[in-house]
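K.L.:
Chain by chain, the residues run as shown.
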Amino acid sequence: MFIGVQAYLALSIILFLLGVLGVMARRNVFTVFMSVELMLNAGNLAFVSYSRFWEGMEGHILAVMVMAVAAAEAALALAVVVLIFRNRGSLDTDFFRILRG
Amino acid sequence: MEIVSILLFLVFATLSIAGAVGLILFRHPINCAVSFILTLLSIAGLYAMLSAKLLFAFQIIVYAGAIMSLIVFIIMFLNVTEDDLPAEKNRIPLMILGGVLLLPVAWFLLKVVFSLPYVGTEIVGGGFGGAKEFGLMLYYDWIFPFEVVSALLLVALVGAVVLAKRRI
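First to last, the protein sequences are chains A and B.
Counting from 1, one number per residue, gives the positions in the first sequence under the numbering used here.
Counting from 1, one number per residue, gives the positions in the second sequence under the numbering used here.
There could be a bad hint or two in this list.
As the list claims (entries may be wrong) - Computed footprint of chain B on chain A; a stretch qualifies when at least three of its residues, placed anywhere within it, have a C-beta under 8 Å from a C-beta of chain B: (1) 5-13; (2) 16-24; (3) 27-35; (4) 38-48; (5) 56-66; (6) 79-88.
Hints are computed from structural coordinates only; laboratory data are not their basis.
Yeah, the Cβ is synthetic: ideal placement off N, Cα and C, and Gly gets one too.
Model the full structure from these sequences, guided by the hints.
P.N.:
In structure tokens, the structure reads:
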């Protein structure tokens with residue numbers, strides 16, 4: 001039994017689907033947010049695996065771009081969470097319907 | 001050497017899946033965050049096994065270091081207690097239902113992945129994944145996306161400050 005790049009891709013698929021499950025089934029806003037981060041990480045792992053597959057480094061650059069997007073998302077989403085928790089006192093994602101324009 | 005890499009892959013894969021399962025099962029967000037940090041560190045180990053040396057450092061410094069410390073800081077800053085958490089009485093049935101819905105997707109994707117030709121994961125030479133090659137590719141071929149990302153980070157910074165200052 002040899003571990004190839006396919007095993008890494010399969011692990012990335014499993015992690016992504018666990019993230020989707022967390023977004024679907026949980027209502028705690030922090031857990032939902034970290035599940036989104038888990039999906040981004042699974043995407044990164046797939047990028048790096050494909051990069052190893054073709055021995056080119058474009059996947060590494062895309063992974064770094066995804067990390068930058070995740071950092072920006074963390075800053076903005078956590079600012080919104082702090083605002084809503086201080087004004088409404090809830091961490092329930094159902095409360096986030098007040099963000100409708 | 002082969003058996004060592006197989007064992008390392010199995011250990012990292014098990015730890016990352018265990019961390020992800022803990023992330024979606026724990027009730028308090030601080031337990032979720034610590035469990036997620038375990039996943040991030042195992043993914044960093046997997047990057048090292050895929051010869052992505054620079055991304056290994058980035059994963060530990062940026063993800064497990066910066067982003068997760070921001071999240072843990074915000075959770076502690078809000079002083080989340082049991083009463084603040086949503087009830088979530090039916091999360092286990094929802095999770096089982098979601099798992100049943102996602103099983104065909106997982107089956108299809110795994111089938112596609114395992115029909116790819118076999119490629120091993122030995123260490124590649126020629127500076128693959130090193131900082132010099134990464135920087136050359138980033139600043140020659142990917143300079144425009146790099147600038148767009150810098151603008152995105154600036155916008156996120158200004159937006160976070162504006163959101164935190166204003167009173168709703």
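K.L.:
Which hints from the list above does the structure break, by number from lowest to highest?
P.N.:
none
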